[in-house]
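Just so you know, my numbering puts 526 at position 160 of the sequence shown, and the rest follows in order with no gaps.
Check the hints yourself; a few may be wrong.
What the hints assert, rightly or not - Simulated crosslink set (DSSO-like; lysine-lysine; CA at most 30 Å straight-line):
no.: 1; residue 1: Lys-412; residue 2: Lys-466
no.: 2; residue 1: Lys-379; residue 2: Lys-466
no.: 3; residue 1: Lys-379; residue 2: Lys-412
no.: 4; residue 1: Lys-466; residue 2: Lys-440
no.: 5; residue 1: Lys-379; residue 2: Lys-551
no.: 6; residue 1: Lys-466; residue 2: Lys-518
no.: 7; residue 1: Lys-412; residue 2: Lys-374
no.: 8; residue 1: Lys-520; residue 2: Lys-486
None of these hints come from the bench; they were simulated from the model.
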Amino acid sequence: MSKLAISKFFEQKLEAPLHNTVWSWGSENAKGIYLRAWNRTKIGEKFDIANSGMETDNDGRTRAGGVERAKHVKAIAQGKPGYIVAIDGEVDDEGKLHIKDYNDKAVFRILSLTVNEQGKTLAEVDYDNPILIEAIGEETDVAAIMESLEDKPKALATLAKAEKLGWQITGMNDQGVTILLKGKKTGLISYTGEFSAA
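Please model the complete structure; the sequences and the hints are all you need to start from.
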């Protein structure tokens, strides 16, 4: 059985249709953001997912795909779960890259983002724990996060209030607990109990 076209994969399997099948490089739904990323352009073990200046072409015209990718990267940096759909490609005689194959069984959770000296945003992913498509959104260990906050009563109290308002825990980082409201708005509860939303 052949694989679905990647746009159909995003729509039918990830349940996150691409905004535009020609220029969209990723999509999102309530569970997270899904970024197409090329295996061939990885830097070390990290996926190259964005470049400074990608929002415009060489002639200064807006690139819709670049604008959308910048928005997705910002949302991931602010705490919305991010996933990589790994793609293999080949370059044609005109130098254009075409999708040859992609992983339609699992995605990789983005663990962290860094920007290198060349202005490329690199995504470190959890290669050891690929997430099956049907299990996306179930991998956040909320119990472990709550346990880690036992000695931080202010953070726990703020988190309890946020959960009553419909916020969901999506993970932890150096600043605190990342949270999400209705799949769209991201927030952070610091370890000192302060709340901020983006």
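Hint check:
The suggested pairing of Lys-412 with Lys-466 holds, with an alpha-carbon distance near 20 Å, which does not exceed 30 Å. A C-alpha spacing of about 19 Å is found between Lys-379 and Lys-466, which places the hinted pair at or below 30 Å, so the restraint holds. The straight-line distance between the Cα atoms of Lys-379 and Lys-412 is roughly 25 Å, inside the 30 Å bound, and the hint therefore holds. Simply put, Lys-466 and Lys-440 have alpha-carbon atoms about 28 Å apart, close enough for the 30 Å limit, and the pair holds.
In summary, the hint linking Lys-379 to Lys-551 is supported, as the alpha carbons are separated by about 23 Å, within the 30 Å threshold. Distance check on the hinted pair: Lys-466 and Lys-518 sit about 49 Å apart at the alpha-carbon level, beyond 30 Å; violated. For the suggested pair Lys-412 and Lys-374, the alpha carbons sit about 26 Å apart, so the restraint of at most 30 Å is met. A threshold of 30 Å between alpha carbons decides the hint, and for Lys-520 with Lys-486 the separation of about 37 Å lies outside it, so the pair is violated.
In terms of the numbered hints stated before, the structure departs from hints 6 and 8, listed from lowest to highest.
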